[in-house]
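Protein chains: 2
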Amino acid sequence: MIKPRTPPGVLELLPREQVAFQRMLDTIRRTFEAYGFLPVETPVFELSEVLLTKTGGETERQVYFVQSTGALEKSLEDGGGQGRPEMALRFDLTVPLARYVAEHEHHLAFPFRRYQMQRVYRGERAQRGRFREFYQCDIDVIGKDTLSPRFEAEVPAVINAVFEALGIGEFTIQLNHRKLLRGFFEGQGIAGDQQALVLREIDKLDKRGEDAVRATLVGEGFGLAPEVADGLLAFSRVRSTGHEDALARLDALGAGTPLFEEGRDELRALLAALRAMGVPESRYAINLSIARGLDYYTGMVYETTLDANPDIGSICSGGRYDDLASHYTKSKLPGVGISIGLTRLFWQLREAGLVDVEQSPVDVLVALFDDAGLDDALSLSQQLRAAGLKVETQLEPRKLGKQFQYADRAGIRHVVVRGEDEVARGVATVKDLRQGEQFEVSLDGLADALLARREAAAGAAPTPDSTEGGAR
Amino acid sequence: MIKPRTPPGVLELLPREQVAFQRMLDTIRRTFEAYGFLPVETPVFELSEVLLTKTGGETERQVYFVQSTGALEKSLEDGGGQGRPEMALRFDLTVPLARYVAEHEHHLAFPFRRYQMQRVYRGERAQRGRFREFYQCDIDVIGKDTLSPRFEAEVPAVINAVFEALGIGEFTIQLNHRKLLRGFFEGQGIAGDQQALVLREIDKLDKRGEDAVRATLVGEGFGLAPEVADGLLAFSRVRSTGHEDALARLDALGAGTPLFEEGRDELRALLAALRAMGVPESRYAINLSIARGLDYYTGMVYETTLDANPDIGSICSGGRYDDLASHYTKSKLPGVGISIGLTRLFWQLREAGLVDVEQSPVDVLVALFDDAGLDDALSLSQQLRAAGLKVETQLEPRKLGKQFQYADRAGIRHVVVRGEDEVARGVATVKDLRQGEQFEVSLDGLADALLARREAAAGAAPTPDSTEGGAR
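Just so you know, the protein sequences line up as chains S and F, in that order. Using the working numbering, you'd call the opening residue of the first sequence number 1 and step up by one each time. Using the working numbering, you'd call the opening residue of the second sequence number 1 and step up by one each time.
The shape of chain S in the complex, shown without the other chains:
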């Protein structure tokens, strides 16, 4: 007998949690599609040579390699000296996107708007809330040769629509611009190579605090003048509240280098576009401490936080980059994208008690009194399904109490009962286990009555359930 268990570091859900998770996936997908993004799925494994274009680094140390039995046996026979296996699991969706766009370039229409919602794999140290397998939900717009900054302005509107539809609380999209940052560094006399290093320090403000970061900046490695370090910290403290305030704070930064002014102009244009798209001004803010470590980004950078749960950190991040796939193609492919780490977000929401897993997605259990009623129960179930209801049929007669108990335990709200008497009179009795009430309805009106009750429940309880109809 082998103990049934999952490998450490994965989040496996019970069915009704999975329903809630699936609802979030569906909501995100629907919103991405409303903004004209097309679905892409890539294989879970890629050729190691293709996936790991850069050797070394944190990423490669976390990669999972994949080997078929045949290759493994060969490697064992050969004394294991065969080097790394031929394939590896994807660790994000960006490298597969780069490979996909480069491979299929001539079959895609640019700007190419794709979404991708799949699991990725990282051999992280096992730790509470850290997962080795987790969903990423990404969008990217990829241009051929050029991509207007206006695509960077559209992204926060998508973020807004997604989290509005998810209904997990108020949120703020934090905005910064790499050109503004680098332009400011330039103005402070911080040269090209050092800029990336300073960026990385600014990125640690949240974790290390101002004092520690300042000490590093004026310390040996960096050797910045104290007033320069103070200037950087003052700059990184800039936060806006509301649209006009954001514009005012941008103005108040004073004149800067051409790069700085370019960044500021783009940020201003982005704010105007968000207003035109009707994104509520409470949902976005300038936050000049947002750095997003990687050198990769060259324009807008985004982070999104839940107003009531800032401790959760960014739930949706991304930015503008200039060259997606330089390892695979000579074409220049600038883009802008964001990623939602849904597994971690779901886990955090569940920890915070914000995931509703009370109900079953099954609307009705059609009860069965005795074997003679089987055909009627089967046929009635089919009628209800044809009307759009999710139906389970009791297939073996049991005491009615047991059937109610089963439905209750399974979280099924309604039980439809048709005894001899009901059949004779062309009616059905509906037991509502949630409200603890019972009513009789004609067979013709049964489906409509159940649909109406489902709809009313969705409207009454603003759970992720009720976002079907769109924004709230």
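A few of these clues could be false.
[Stated by the list, open to error] The calculated DSS-like cross-link candidates involving lysine-lysine, where the alpha carbons are at most 27 Å apart (straight line), are:
#, chain 1, residue 1, chain 2, residue 2
1, S, 399, F, 144
2, F, 332, S, 399
3, S, 332, F, 3
[What the hints assert, rightly or not] Derived, one-sided and incomplete: chain S residues facing chain F with beta-carbon distance under 7 Å:
#, residue
4, 2
5, 6
6, 9
7, 150
8, 327
9, 359
If you are wondering where the hints come from, they were derived from the structure by calculation, not from laboratory data. Please read these numbers as outputs of a predicted model, since none were measured by experiment. Ideal Cβ placement from N, Cα and C applies to all residues, glycine included.
Let chain S serve as the given structure and place chain F on it in line with the hints.
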């Protein structure tokens, strides 16, 4: 520069093919849910010890093992003598289901109805139409201790609903019963152990033909009397057409052993249930050659074939089994399930020209004349999205001809144009690229007009597109 390419044996789709694939997944999911099945997802990898409870065999030879970089480095340092890696990719959804049910037994309500739609991995020899990564879409009903044969009767109704909703042509669900088969073998004096071997030969009838199978059965290994072999082949030739014919053919088999009679009674009850559920009689048939090799099955077995494409083979198979998870738990968990290999099916449909990939899922491109029109285009796009349309906005002004060309290439049917004149008059011009027509509509009526056209198109062309509303 590295050549961007996927590993051999995977099916990667272009975006509009992916849309068609996603539509099929959604349709299957919706149908499974209508029958009260709950979603489950399991990790892509399982502990090798848990996944590979039986050693040897075809399955294990096809397994992909997974190793983190750390484990791999250690193994290389140690000379590779560490044996098989700790984790492996799932090769089906049945073993993970067994592990899942055994692990979470006390948190599940039985009979447990679960669906699972995920990719599985097999290191098959690379071959056209054979995939190393492919989707399986499974349902299973798992009982605790017992499970009524009536659940076996419900399964063909689900198969019928799925393939009706997919709209890929007429199909037949082929039915057989293991008790009928084994009971018949008993009657022919074929003993317990030999039954499984005979079953496996019967299973090869399609591939090897009757003569070859007969030769094997009367040959050295089996040594069946010629009249017994002929009886088996005659039995396996039984096929029904229509409901009454199925009953008549069951009657015509004559009396048998108690096991045989039990199988026949269950088949009759199943036929009655299918009629009660309104499954068209053209959609199911008794086919006594269906054996489904594995010892695993103990009751009903199912295969499903497309009437116009019998060469594709079974597109949905499964059956009843008595003990799902004996490796993991002492609980007896009988069940019944089916599996659709969707990647292979999609590939075959595409080969046969039965996949519609002409259209984009994007309904509208909102055009842009000049920078002054940007706010209007952005705001109009948001209005259309709020009405439920999928909208892409032209963000940089280009010649209108270029914008039409882009939409046409991307498969977007409608382009909405608002020049100064249209803005002044409160209207929009809609260019329908498919019909090659153009019309003007008031801004207030624009969303409704576009929704109506989308609906009309869905109704007119019965592609997988139009199955939204349910069965056709």
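Now for the hints, and whether the structure bears them out:
1. S:399 with F:144: holds, 18 Å
2. F:332 with S:399: Answer holds: residue 332 of chain F to residue 399 of chain S is near 23 Å, not above 27 Å.
3. S:332 with F:3: With a Cα-Cα distance of about 16 Å, the restraint between residue 332 of chain S and residue 3 of chain F holds, given a limit of 27 Å.
4. 2: holds, 6 Å
5. 6: holds, 6 Å
6. 9: violated, 9 Å
7. 150: holds, 4 Å
8. 327: Hint on residue 327 of chain S: holds, closest Cβ of chain F at ~6 Å, below 7 Å.
9. 359: For residue 359 of chain S, the interface hint is violated, since the closest Cβ of chain F sits about 12 Å away, which is over 7 Å.
Violated hints, listed in ascending order, are 6 and 9; each of the other numbered hints is respected by the structure.
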